[in-house]
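Peer 1: Just so you know, the protein sequences line up as chains A and B, in that order.
The first sequence begins at 0 in numbering that gives the first Met the number 0 and counts up by one.
The second sequence begins at 0 in numbering that gives the first Met the number 0 and counts up by one.
No lab work stands behind these hints: they were computed from the structure.
There could be a bad hint or two in this list.
Okay, derived cross-link-like pairs now, EDC-like style, lysine to aspartate or glutamate, Cα gap no bigger than 20 Å in a straight line [as the list claims (entries may be wrong)]: (1) Lys1(B) <-> Glu139(A); (2) Lys156(A) <-> Asp49(B); (3) Lys298(A) <-> Asp280(A); (4) Lys211(A) <-> Glu139(A); (5) Lys298(A) <-> Glu4(B); (6) Lys1(B) <-> Asp299(A); (7) Lys328(A) <-> Glu109(A); (8) Lys342(A) <-> Glu218(A); (9) Lys1(B) <-> Glu309(A); (10) Lys298(A) <-> Glu116(B); (11) Lys328(A) <-> Glu4(B); (12) Lys328(A) <-> Asp57(B); (13) Lys298(A) <-> Asp49(B); (14) Lys328(A) <-> Asp49(B); (15) Lys326(A) <-> Glu94(B); (16) Lys211(A) <-> Asp250(A); (17) Lys326(A) <-> Asp194(B); (18) Lys326(A) <-> Glu109(A); (19) Lys219(B) <-> Glu246(B); (20) Lys298(A) <-> Asp194(B).
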Amino acid sequence: MSLEAGDIVVEFGRVARTASTQGEAATSRRLLLSLNDALRRHLLLSLNDALRRHAPGLRAAEAKSLPPGEAAAATRPGQGAVHAPPNEAGEKAALLFSLVGELGVPHQYERSFRISAGGLHANRFLLTVGRRDIAGEARERVLGICERLEMPPALRKTAGERFEMARCVHFGFEGDAGGVICKLYLERLVPDEEARQARERAQPVLLHLAFKWNPASEEHVTTEYLWHPGLSAAGIGGRLAQHVYRDGAQDSLAIANAVLALAAGKVPAEQLQYLEVQEQDNGRRSFDLNLYNARLQVKDLQPLLYRMRELYAVRPGQFQALYDQIKMKVLGHLAGGVHRNGKDFFNLYYGVTGLPHFHEGFR
Amino acid sequence: MKAAERYEYATSRDPSLNYCLWEYSPAVPAEDKFRSVNLLFQSFDYAGIDARAFDIVDAIREAIGPFRTVFGVKQLEDRLAWEFYFYDYERRQREVSISRVLEAIRPLARCDLEINESLPYFMFSLDVDAELAGGRRDIDVVHMYVGNPGSTVSSGIAYALRAQGTTLENFYFFFDAATQLAEASKKICSSAHFDDTSMPVEAVLVPELRTCKTICVANKQTHDCVYFSGIDVHQLLFFLERLRYPEAIVSFVGQNRANLDHLRFDVGFDYCMQAGGRLAVLKSGYYGVF
């Protein structure tokens with residue numbers, strides 16, 4: 000069937016392959032249907048018409064996600080389609096992915112979860128971009144992304160003033176029912192000589208400066224990540240005991256030490272990057288231990304993760320659902336300690352991957 | 000790592016599957032209770048098997064996905080052994096093939112058998128023991144199962160694939176426990192290994208277990224076997240005690256009844272009648288899914 004000058008042409012008959020048609024199919028009949036407007040309208044079947052008899056079933060399917068009262072109303076005939084309200088966290092995360100994607104440069108994607116007495120929060124990730132990879136004015140483009148994510152102007156101004164320190168930038172996101180936090184980390188390249196001197200003096204050096212904000216409330220905070228270069232396992236253990244966990248949370252200290260021991264069993268602790276984290280005007284006192292060099296998988300921490308789950312009374316099935324998905328992923332880093340809300344916590348980062356992915360077939 | 004540190008818990012999305020990977024409705028909500036794989040892990044731990052056994056489980060699950068493997072914990076005369084079963088009812092259009100699973104576990108357990116993937120099998124199984132898990136032997140046999148057209152009940156045939164060749168192993172016949180109990184009884188009694196004039200069929204068709212969902216009778220080369228599918232945790236405990244499983248296994252199930260009461264289990268035992276009319280249980284097993 001084909002359309003020719005507004006008419007429907009139907010060709011039918013026997014397919015024949017002859018020398019004269021050089022192998023092409025031959026048709027023995029050709030029917031031309033000239034349609035006037037009335038006939039065209041008669042044949043027109045709109046998508047809505049086709050779906051009309053399925054409308055009750057579609058309404059019932061959509062209503063399954065609603066509370067019983069709303070579901071009863073939604074399934075009444077004559078009701079329009081009912082959609083769940085927009086999910087702020089989902090929309091912000093999608094926007095961040097989109098904006099970083101628009102930079103048009105390779106970037107890294109690393110997921111994480113937070114576990115604490117407040118529960119298990121797995122909607123967290125980092126997107127990392129090399130500053131030199133960004134074409135044009137990197138500062139403006141990065142801050143432009145932050146502006147789209149509703150970074151408060153005062154914080155954006157501060158980030159702009161400190162942008163020169165950045166070798167790479169990390170865009171961070173965490174979102175749950177309680178709201179969304181967006182983050183911009185500026186990471187320095189610490190010169191070898193500076194690291195050597197810091198190690199000799201047992202002094203930390205600034206590695207990351209992070210700007211974190213709540214797009215809905217304009218609350219914000221600036222966080223410093225201080226690297227203690229070349230610490231031995233005993234040195235890291237000492238910092239954990241005497242600084243991070245000095246006021247208690249001994250169960251968490253034991254877990255952190257066990258992770259350290261596991262990693263230090265794979266690679267000298269001096270090759271692990273131990274950071275301490277602090278924020279002005281609040282009691283945050285935490286650490287971040289980079290475990291990539293230990294070449295571990297998440298499953299290598301299974302007993303310790305289960306201890307965390309029990310410590311914070313997270314439901315086993317809820318944790319299992321996450322663990323099933325991530326256990327074979329590469330272990331990234333472990334953060335923990337006392338958060339700005341005064342609560343003990345752990346964050347586990349895992350499964351870093353490079354983006355964008357290209358299917359080989361598209362190359 | 001202790002087995003208890005590996006225990007897994009049911010999520011809201013876990014399917015409930017029997018030893019044929021047929022779905023059933025859990026007796027009570029499953030979330031936050033034990034997955035059946037904990038029975039496997041506990042048996043590994045009890046037997047002191049090499050930790051590579053756990054790696055084999057991980058490698059299989061990573062390769063073919065979760066809840067696609069049935070495990071059997073077998074009690075032989077003086078030791079435990081295990082068997083992993085793989086189903087794909089798509090037969091030649093299968094995703095879970097012998098070759099795929101063998102490739103997944105090759106770093107942990109070698110197998111040099113040449114597999115003809117054109118055969119219409121819907122299931123296969125691999126024997127696992129302490130020697131295999133310890134890397135002291137290769138996989139030397141794959142059990143392959145095909146359908147049994149012409150049988151009036153659901154049925155299957157097992158073959159053993161070895162380097163020396165393929166040999167016939169077992170015939171399986173499935174009966175609905177509620178509606179086909181008499182047929183199952185007849186099948187048990189129609190055997191060279193069981194004389195119902197010397198022994199009541201209840202010795203095999205155990206009254207405490209036959210309230211299950213499905214009964215399977217197998218005719219094997221030197222004996223017969225019966226399986227009870229879809230029993231509850233109390234029946235599992237009865238089975239383990241009756242078959243004199245190690246105390247550590249019995250007490251694990253007993254102490255975790257509340258964590259296992261959402262599951263339906265499958266059990267079976269191989270038997271033959273010996274001189275003097277005594278029923279000899281040659282081996283037995285209980286099953287779950289990972």
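Peer 1: Please work out if Lys328(A) and Asp49(B) have their alpha carbons no farther apart than 20 Å.
Peer 2: The hint is violated at about 24 Å.
Peer 1: Check whether the Cα positions of Lys342(A) and Glu218(A) lie no farther apart than 20 Å.
Peer 2: holds, 19 Å
Peer 1: Sort out whether Asp194(B) lies within 20 Å of Lys298(A), counting only the CA atoms.
Peer 2: violated, 52 Å
Peer 1: Measure nothing beyond the straight line between the CA atoms of Lys219(B) and Glu246(B); if it is 20 Å or shorter, mark the hint as holding.
Peer 2: Between Lys219(B) and Glu246(B) the Cα gap is close to 29 Å, so the pair fails against 20 Å, i.e. violated.
Peer 1: Straight-line Cα separation of Lys298(A) and Glu4(B) no greater than 20 Å?
Peer 2: holds, 11 Å
Peer 1: Taking 20 Å as the top limit, are the C-alpha atoms of Lys328(A) and Glu4(B) close enough?
Peer 2: Holds, at roughly 19 Å.
Peer 1: Taking only the CA atoms, is the gap from Lys328(A) to Asp57(B) under or equal to 20 Å?
Peer 2: holds, 13 Å
Peer 1: Holds or violated: Lys326(A) with Glu109(A), Cα cutoff 20 Å?
Peer 2: holds, 14 Å
Peer 1: Measure nothing beyond the straight line between the CA atoms of Lys1(B) and Glu309(A); if it is 20 Å or shorter, mark the hint as holding.
Peer 2: It holds: about 16 Å lies between the C-alpha atoms, which stays within 20 Å.
Peer 1: Mind checking the alpha carbons of Lys211(A) and Asp250(A) for me, to see if they're no more than 20 Å apart?
Peer 2: Since the Cα atoms of Lys211(A) and Asp250(A) sit roughly 29 Å apart, the hinted pair is violated (cutoff 20 Å).
Peer 1: Holds or violated: are the alpha carbons of Lys298(A) and Glu116(B) at most 20 Å from each other?
Peer 2: This hinted pair is violated, its Cα atoms lying about 33 Å apart.
Peer 1: Quickly compare the C-alpha distance for Lys326(A) and Asp194(B) to 20 Å and report which way the hint goes.
Peer 2: violated, 53 Å
Checked against the numbered hints given earlier, this structure breaks hints 1, 2, 3, 10, 14, 15, 16, 17, 19, 20; the rest are met.
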